[in-house]
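Listed in order, the protein sequences are those of chains A and B. In this text, residue positions in the first sequence follow this note's numbering: the first is 1, and each later residue adds one. In this text, residue positions in the second sequence follow this note's numbering: the first is 1, and each later residue adds one.
Check each hint, because a few of them may be wrong.
Claimed, not checked - A few chain B positions that, by computed beta-carbon distances, are all more than 12 Å from chain A:
{"id": "1", "residue": "G3"}
{"id": "2", "residue": "L11"}
{"id": "3", "residue": "V12"}
{"id": "4", "residue": "R22"}
{"id": "5", "residue": "P61"}
{"id": "6", "residue": "E63"}
{"id": "7", "residue": "P74"}
{"id": "8", "residue": "G85"}
{"id": "9", "residue": "V114"}
Claimed, not checked - Quick list of in silico lysine-lysine cross-link-like pairs, DSS-like style, CA-CA up to 30 Å:
{"id": "10", "chain 1": "B", "residue 1": "K27", "chain 2": "B", "residue 2": "K71"}
{"id": "11", "chain 1": "B", "residue 1": "K51", "chain 2": "A", "residue 2": "K57"}
{"id": "12", "chain 1": "B", "residue 1": "K62", "chain 2": "A", "residue 2": "K81"}
{"id": "13", "chain 1": "A", "residue 1": "K57", "chain 2": "B", "residue 2": "K27"}
{"id": "14", "chain 1": "B", "residue 1": "K51", "chain 2": "B", "residue 2": "K62"}
{"id": "15", "chain 1": "B", "residue 1": "K62", "chain 2": "B", "residue 2": "K44"}
{"id": "16", "chain 1": "A", "residue 1": "K68", "chain 2": "B", "residue 2": "K44"}
{"id": "17", "chain 1": "A", "residue 1": "K107", "chain 2": "A", "residue 2": "K81"}
Said to hold, decoys possible - Chain A regions said to be covered by chain B (calculated; three or more residues, Cβ under 8 Å):
{"id": "18", "segment": "33-44"}
{"id": "19", "segment": "91-101"}
Hints are computed from structural coordinates only; laboratory data are not their basis. As the structure is a prediction and not an experimental result, all values here were calculated from the model. All C-beta atoms in this analysis are idealised placements derived from N, C-alpha and C, irrespective of residue type, glycine included.
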Amino acid sequence: GQNIDQPTEMTATEGAIVQINCTYQTSGFNGLFWYQQHAGEAPTFLSYNVLDGLEEKGRFSSFLSRSKGYSYLLLKELQMKDSASYLCAVPNAGKSTFGDGTTLTVKP
Amino acid sequence: NAGVMQNPRHLVRRRGQEARLRCSPMKGHSHVYWYRQLPEEGLKFMVYLQKENIIDESGMPKERFSAEFPKEGPSILRIQQVVRGDSAAYFCASSPPTESYGYTFGSGTRLTVV
Chain A
1 GQNIDQPTEM
11 TATEGAIVQI
21 NCTYQTSGFN
31 GLFWYQQHAG
41 EAPTFLSYNV
51 LDGLEEKGRF
61 SSFLSRSKGY
71 SYLLLKELQM
81 KDSASYLCAV
91 PNAGKSTFGD
101 GTTLTVKP
Chain B
1 NAGVMQNPRH
11 LVRRRGQEAR
21 LRCSPMKGHS
31 HVYWYRQLPE
41 EGLKFMVYLQ
51 KENIIDESGM
61 PKERFSAEFP
71 KEGPSILRIQ
81 QVVRGDSAAY
91 FCASSPPTES
101 YGYTFGSGTR
111 LTVV
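Pulled out of the complex, with its shape left as it was, chain A reads as follows (with noise of 0.2 Å):
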């Protein structure tokens, strides 16, 4: 089965950095996502992690230790708009499994 853990709430400041943590259990690996999802809308594709590393993208980095289960995302030069729910998805068999999401509050 599939297990994953993300923190609940998280509060930064507008112009800091935050990382979101992910920790995970699965019978396979094929690879972990982030997805953001402000409140009311669908999530939306971050990034894609396959490989232990660092992937970068603009403000938004996304990290991967496949011996540790564990993932990050980072957030850097915060805006209030990365308000929002931030999601650790793991898929397996053609289907993602989603953590309960960390809410990120930015404020000014």
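Given the coordinates of chain A, work out where chain B should sit on it, guided by the hints.
Just chain B now, with coordinates in the frame of chain A:
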């Protein structure tokens, strides 16, 4: 190039009625997934379909819920005899066969059972 189209956006049903939720995948995507999201909770997998085939329905309640993805037309999630506990946001997502592209989600259908 339209994304994943879901309709209706909002649906109100009385207890005991039927709810039909529609999803047209993104052009070129052959895989469709339905997820349910309760308020303040995460996305829970319901069913994974390809054209004319149910690949995995392990997340579907055993009764009252069914899904299809016919050769022609949208995917349909059908909930019979709705109860208050069915009130949730239902998201459809689609993807190409390659997992690394991730999902493209529709805007969701907010079902309210009164």
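Going down the list of hints, with the structure as the test:
no.	hint	result
1	G3	9 Å, violated
2	L11	15 Å, holds
3	V12	17 Å, holds
4	R22	15 Å, holds
5	P61	17 Å, holds
6	E63	22 Å, holds
7	P74	17 Å, holds
8	G85	19 Å, holds
9	V114	20 Å, holds
10	K27(B) x K71(B)	14 Å, holds
11	K51(B) x K57(A)	34 Å, violated
12	K62(B) x K81(A)	40 Å, violated
13	K57(A) x K27(B)	26 Å, holds
14	K51(B) x K62(B)	22 Å, holds
15	K62(B) x K44(B)	15 Å, holds
16	K68(A) x K44(B)	25 Å, holds
17	K107(A) x K81(A)	10 Å, holds
18	33-44	holds (count 6)
19	91-101	holds (count 10)
The structure fails hints 1, 11 and 12 (numbered hints given earlier, in ascending order).
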